[in-house]
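Enquirer: Letter by letter, the chains look like this.
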Amino acid sequence: MLRILFTLFSILFIVGPATATAKDKPILTVYTYSSFVSEWGPGSQIKENFEAKCDCIVNMVSIDDGVMILNRLRLEGNRTKADVILGLDTNLISIAKQAKLVQSHDIVKPTNLAVDWWDGQFIPYDYSYFAFIYNQEKISSPPTNFAELLDNPDWKIVYQDPRTSTPGLGLLLWINKIYGENAPLAWKKLAQHTVTVTKGWSESYGLFLKGEADFVLSYSTSPVVHINDGDHRYKAAIFSDGNYEQIEVAAITQYAKQPDLAKQFLMFLLTPQSQQILMNKNIMYPAISIDLPAAYQEINPVTKALSFSADDVARYQKIWIKQWQDAVSQ
Amino acid sequence: MARCGQSIKIYLPGFTVVLFVSTTVFTALIALWLFAFEHSDEGFYWDNYLFRVVSFTFIQATLSTFISIILAVVLAKALYQTQFIGKNLLIRILSLTVVLPSLVVITGLLTVYGHTGWLAWLCDYFSINYSLSIYGLNGILVAHVFLNFPFAARYCYQSLLLIPNEQKQLSQQLGFSYLQTFRYLEFPIIIKQLLPLGGLIFMMCFSSFATVLALSGGPKYTTIEVAIYQAVRDFELQQAVILSCIQLLFCCGFMLILKRLEPKQAPQLIHNIKPYLVKITHRQKLLCYIVIVASSLFILTPLLAVIWDGLYYFSTSFLTSSLLQALLTSVLIALCSALLAMLQAMLLLSTNSQLQLRGKMRLSESGMLLGSLILAVPSMVLSAGFFILFYSYTDSPLFIFVLMVICNSFLTLPFILKQLATPLADLTKRYYFLSQSLNIKGLHYFYLVEFKALKKLLAYNFALACIMSMGDFGIVALFGGQDFMTLPYYLYELLSHYRYQESAFVALILLVISFLLMTLFEYASYDRT
Numbered sequence: 000m001l002r003i004l005f006t007l008f009s010i011l012f013i014v015g016p017a018t019a020t021a022k023d024k025p026i027l028t029v030y031t032y033s034s035f036v037s038e039w040g041p042g043s044q045i046k047e048n049f050e051a052k053c054d055c056i057v058n059m060v061s062i063d064d065g066v067m068i069l070n071r072l073r074l075e076g077n078r079t080k081a082d083v084i085l086g087l088d089t090n091l092i093s094i095a096k097q098a099k100l101v102q103s104h105d106i107v108k109p110t111n112l113a114v115d116w117w118d119g120q121f122i123p124y125d126y127s128y129f130a131f132i133y134n135q136e137k138i139s140s141p142p143t144n145f146a147e148l149l150d151n152p153d154w155k156i157v158y159q160d161p162r163t164s165t166p167g168l169g170l171l172l173w174i175n176k177i178y179g180e181n182a183p184l185a186w187k188k189l190a191q192h193t194v195t196v197t198k199g200w201s202e203s204y205g206l207f208l209k210g211e212a213d214f215v216l217s218y219s220t221s222p223v224v225h226i227n228d229g230d231h232r233y234k235a236a237i238f239s240d241g242n243y244e245q246i247e248v249a250a251i252t253q254y255a256k257q258p259d260l261a262k263q264f265l266m267f268l269l270t271p272q273s274q275q276i277l278m279n280k281n282i283m284y285p286a287i288s289i290d291l292p293a294a295y296q297e298i299n300p301v302t303k304a305l306s307f308s309a310d311d312v313a314r315y316q317k318i319w320i321k322q323w324q325d326a327v328s329q
Numbered sequence: 000m001a002r003c004g005q006s007i008k009i010y011l012p013g014f015t016v017v018l019f020v021s022t023t024v025f026t027a028l029i030a031l032w033l034f035a036f037e038h039s040d041e042g043f044y045w046d047n048y049l050f051r052v053v054s055f056t057f058i059q060a061t062l063s064t065f066i067s068i069i070l071a072v073v074l075a076k077a078l079y080q081t082q083f084i085g086k087n088l089l090i091r092i093l094s095l096t097v098v099l100p101s102l103v104v105i106t107g108l109l110t111v112y113g114h115t116g117w118l119a120w121l122c123d124y125f126s127i128n129y130s131l132s133i134y135g136l137n138g139i140l141v142a143h144v145f146l147n148f149p150f151a152a153r154y155c156y157q158s159l160l161l162i163p164n165e166q167k168q169l170s171q172q173l174g175f176s177y178l179q180t181f182r183y184l185e186f187p188i189i190i191k192q193l194l195p196l197g198g199l200i201f202m203m204c205f206s207s208f209a210t211v212l213a214l215s216g217g218p219k220y221t222t223i224e225v226a227i228y229q230a231v232r233d234f235e236l237q238q239a240v241i242l243s244c245i246q247l248l249f250c251c252g253f254m255l256i257l258k259r260l261e262p263k264q265a266p267q268l269i270h271n272i273k274p275y276l277v278k279i280t281h282r283q284k285l286l287c288y289i290v291i292v293a294s295s296l297f298i299l300t301p302l303l304a305v306i307w308d309g310l311y312y313f314s315t316s317f318l319t320s321s322l323l324q325a326l327l328t329s330v331l332i333a334l335c336s337a338l339l340a341m342l343q344a345m346l347l348l349s350t351n352s353q354l355q356l357r358g359k360m361r362l363s364e365s366g367m368l369l370g371s372l373i374l375a376v377p378s379m380v381l382s383a384g385f386f387i388l389f390y391s392y393t394d395s396p397l398f399i400f401v402l403m404v405i406c407n408s409f410l411t412l413p414f415i416l417k418q419l420a421t422p423l424a425d426l427t428k429r430y431y432f433l434s435q436s437l438n439i440k441g442l443h444y445f446y447l448v449e450f451k452a453l454k455k456l457l458a459y460n461f462a463l464a465c466i467m468s469m470g471d472f473g474i475v476a477l478f479g480g481q482d483f484m485t486l487p488y489y490l491y492e493l494l495s496h497y498r499y500q501e502s503a504f505v506a507l508i509l510l511v512i513s514f515l516l517m518t519l520f521e522y523a524s525y526d527r528t
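Residue numbers (numbering that gives the first Met the number 0), protein chains in the order written: chain U, 0 to 329; chain W, 0 to 528.
For the record, the hints were derived by calculation from the structure and aren't laboratory data.
In this text, all values refer to a predicted model and were calculated from it rather than measured experimentally.
Heads up, a few of these hints could be off.
[Claimed, not checked] Stretches of chain W that chain U covers, calculated by requiring three or more beta carbons in the stretch to come under 8 Å of a beta carbon on chain U:
{"no.": "1", "segment": "99-113"}
{"no.": "2", "segment": "149-157"}
{"no.": "3", "segment": "185-194"}
{"no.": "4", "segment": "206-219"}
{"no.": "5", "segment": "420-426"}
{"no.": "6", "segment": "495-507"}
For glycine and all other residues, C-beta sits at the position ideal for the given N, C-alpha and C.
Chain W on its own, in the form it takes in the complex (with noise of 0.2 Å):
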């Protein structure tokens, strides 16, 4: 009876949390399906074109996810290598890529790469042939890299940290080279730590869309969430609910593979108090500081352009009060958001500590993925079920902004999940049976233990939610946003009214908004003691 009672206990937070999202998921996708049968569509159908997207689509997501994991290695590793000024800032902006709305990414892209972009202006001035085009494959490889890698990167440089200095120390004494030291101290890690990284990141370029279609130079390059979201727009729901299941599979698919290729015995990380710094030769400190600047420079011009665009044009006229509207509606939802998936990942994580404690790695494995599930489903196709669903409570701006704060907390769930999970794991391998015996339980372990442990994580991934949450506006589409004006939307709003100044300085403020959230929560979590 005890053990019966415990073990619901364990399973308990993470089931509901697991129940909760793929409930809300799949009541979507069915009753969007449900709808489309009933208003009978034309049905499904397959033909050459969409398999040549289905084939694209694998393609350009599988190559964007290698070369920024590839990327994210090797600047993790010259960051982690490496002590220079500015370094914090620079590790700051990384995680900011990932959360700025595509038309911002294309923007700022462009006005380094483009025709008549900085860099074309640069070979002007050389007198160097600019031939490079941003459009074609070249254009979507580039803009996916550019949102991911940098995210990528921090994330894995934050789990090169986590390797014991005491092992790194050994490493040096028993004479390591600098591939030993790769193989046997940081490979591990990295692999375990980054491949379910890549899952995700897979995912994002598989559903990629606006930043495709607008780099793509044309309809020869599009992906699956096109077709998804034209069946949708021309209401053969059917084809919209059977191409989402496809494109589920296939995001489901890879994650499993990755998921296989990780390896069965990983290491333990923990929390270092002050990492130690690998002594490396000259030349490789040099290798180091070139890949730096390289990729610094990849990742800063774009946004520097989106902030020199927006303090260019600035006028105090534009601080209206619509914009301060939109910004206090874009920060609250933010807020909610991170909060609800904060909740969300650490009753989702307790379960699975438990479970990869007891060995249950199957099941642990499933609830992870359940957990990911909806980045794999377009939020059109989202939007549209819920529509179906609640379609009585469109006027209500509280169950819209609920709504909301709901679906942004299920995107971003994702993500912490992956930041988190091994950590926690780890912990809970170390402390679980100690603090068993100490009678340490509940919020009091959360707090004790996991809290105090992991704080800097755990303010990191907070911030990143908060600031994924903002970037983000899918899912209005169809329920009438005029009363929840985020600054996404009203930066559309402004572009479609012909106010470009005035969006260049909203793009600025998202930015802006973004850095500084992350600022904070990295300061709050600081350890003072």
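Pulled out of the complex, with its shape left as it was, chain U reads as follows (with noise of 0.2 Å):
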């Protein structure tokens, strides 16, 4: 037992100085959320090209997820070792700006910017549509439109907690988008056939695979996963009224230590050769114009994109939230 110890420890604390860097070479570090680094993420993939590009150690940290990204830029201050911060949503944006988080990044607008938005701070990456996924087999004539949705209490539909995931909280901005003051009518309306609402975008989607819901709220690219296994089953519900949009974005921190190999390697997110990466492993459409694959060409296409205004979001968040919790509370 001893023995078998000793070994462990042997291989944690070899293992552990061998991964060390060296250290006449700049690091960039990079804040980024945990499934963007992990092994069939882009991350390690992006960090190898540029690498080879910069002459310099690109250190990504990983860290639960954009809010918690930016929480802990607040808990750290100005001793953050942070230089980018990579994965945060549009939405996020305006309390980054007021915490005095970022600082401008000089880019130039690209011209074949898919995407339709630009910002001095932040650099949009990519970007998708939440949308509720369903599967073709069960669901014959899916909705065209969100009152559609609300109005069959024979679909059972799962999604995620605005106050502890991303995702939920696109929900309720989409909500709030679409229907205004009356938001808390549709909520309760939803309330009626919500199956649950869980903590994170795994759990929900979990059980919608496992048959517990027809409809889990995700992003319309999911498909595209699906089809690339090749199943062909699931599909996003696109509606009339519109969807709501993500945008990923990146930006460089208030006090990085190296500005300039930060916003090298923001735009060194924008060339084709990121944005193919980012496209395949994040699954959600690029910023920039580039030949999308046969998979994107499958998935139904979003015909009108919604969203708030990110001085909004920060804005009425709190109050949207209270009341979708009296809303569904009753």
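Got two chains here, separate frames each, mind docking them using the hints?
Expert: Dropping the structure here:
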């Protein structure tokens, strides 16, 4: 027993120092969310490609999700090591700006930008739309607008809690965009056929695939994954009144030690090479116009994109969450 | 002078541990609080909604605790009165549910009880209308009972085994009825052991979060932990700290109430070489078997569902180096945390036993309560607090490793304490003065008296601590966990990349490793003499 323990220990501590990086090269620290850097995420490939060009070392630090990246930055203040933050969405940038966490990037807006969004401090690197995913073998006449989804009491729906997850927050904004003052009524209708509300996306998507629900809140690009696996059953319901857009963004932090490298990195994210990787691994639409793979051409395109300004999100988010709580708790 | 020296020697080990645990927890809380005040938030607000959340959390946790405990007593009694093939296996499995990550539990339960689950399928086959819904309060209770009842049952069963054989034989000679046996022999022991355990289960249910959310059917039923999580996410740190203080208050309050319910005079427990099987009638035996079969179905089917999913989709391509790395990390963290937890538990308990020997019950109680403190503090709050304290070390994998080991050891400490406290105190009562007169002290005393007598229980607790630490991954949320990919973390990563088949396999591995650890340590502790 002791010997096994000893061996395990030695493995850990020998492997540890071995991965330490060379000291002479500048280090670019990127805070991002964990699935970005994971084995199947785009992180490692982008890191390798950028390191080959920049003669630097990219240190990707993975933190739970976009909100937690922001919180970590707020906790660290001016002591942060982060040069770049990657993985916030447009709903969060107002908080980031108010807390003065980022600086201007001075990058000229590319002419081939595919997403209709540009900002002086954040660059968009990919985007998608929130959508309800269904199995077309079970749902023969899918809803074509939000009202149809809400009015069919037979359809069971699962979504994420806006208090704990980004897609959940997306739904909150989406419903408020469409229904405005009538949002509480919409929530009540939705509550009548909600199976459950989960903490994060993983739980709810799992429930959906298990057959516990007919619809799950996810991304309009989610079917791509299934298509790549040869499974063509899953579709995203595209609504004529619009689907809420989520744009993922990156920025240079206020106290970046390597602002030039950080700027290079942001620009690098917008190259076709990186965009290709992002599209394949992050399963989101590319931010610049490049050819889409076959799987992306098979999925339903979104006809109308909805969004709020970041300031509106910051201003109303809490009120709307409260509204949602009151509407669905009764 | 000699007296003074002796009392320092008695107090020191336990005092050190209590100080270590409570300083760590309170420093994290205070660090967070100071930070929150400095970066002025909106402050605390208390509304109707929050009141509803707190009261629901309390009701839900109380219900879950009582149902778990009552079922545990019933099952333990049934197990204790019967012998059957596979009993040891079943008992070993009883400790596994408590360690599974919430996601695996939800998946397993839904495969069995969900809309399209096995039960629904079975009902459909026999054309019965399946109307049971796993969502809402039902679902929360089912999940909490599933998580806690088997563990409590095993614990209770082990306590029953400690009733001296002579007493059982005597009760039979005296012609005790079934109820009388329960009233005079078993109940006092069960109460002595299960009330403190009830406190633990209450804390676990009180702070349970992902499971509750997923099965609650919507925010109608949310726990205070969700409110805390939300507050941390929204960077309303004051709110988070105050809410966790409320949570702490509730949990400690409940523990103290249970403590008050405990009878002052309790029987002493001993380790029987071979438990004496009480004779029961055929009808009682039948009843026992029904209880055992029903509980086994309840406990085993969701686990079987996890195993089935894992095997069904298995492919050798799943055995990647990252999986092995995650496995290795998990096992290493588990072993280290368990070692540390055992060390802390033994130190604290040695003081505790001495205090009990001297009749200082108040002091002993508060020591034990402080040792269990961490269960009531949400891991998000703890993690944020630690972060403020140690932000400059987040680059060091070794530091994160140590932090994870310490936190996990704290998390498992209450469980070890609860299980070992009574037996150790009883041992001390019995052998302390004898060993003093024979000049057996220190490690020698530990080995000759405590280790020899409680080998099995120690091994079991070590294994339990191991597997509990394997299932947990809360603390790394803020710190960045890529260097320390544990199995549960890996599982989530797989899911977020739509890799459901691999994730099913990882859940299976988690289950198998937990089972193996349990088996391994039980064999290691097997007395061959």
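Enquirer: Hints first: check each against the structure and report whether it holds.
Expert: Structure-based check of each hint:
1. Remark: the segment 99-113 of chain W is confirmed as covered by chain U, as 6 of its residues place a Cβ nearer than 8 Å to a Cβ of that chain, reaching the required three.
2. Requiring three or more residues with a Cβ within less than 8 Å of a Cβ of chain U, the coverage given for the segment 149-157 of chain W is violated, as only 0 such residues are present.
3. Taking a C-beta to C-beta cut-off of 8 Å, the segment 185-194 of chain W contributes 0 residues in contact with chain U, too few for the three needed, and the coverage statement is violated.
4. Counting residues of the segment 206-219 of chain W whose C-beta sits closer than 8 Å to any C-beta of chain U gives 10, which meets the bar of three, so the coverage hint holds.
5. Coverage of a stretch by a chain is defined here by at least three residues with a beta carbon nearer than 8 Å to that chain's beta carbons; for the segment 420-426 of chain W and chain U the count is 0, and the condition is violated.
6. As drawn, the segment 495-507 of chain W meets chain U at 5 residues by the rule of a beta-carbon pair under 8 Å; at three or more, the given contact holds.
Of the numbered hints given earlier, the model fails hints 2, 3 and 5; all others are met.
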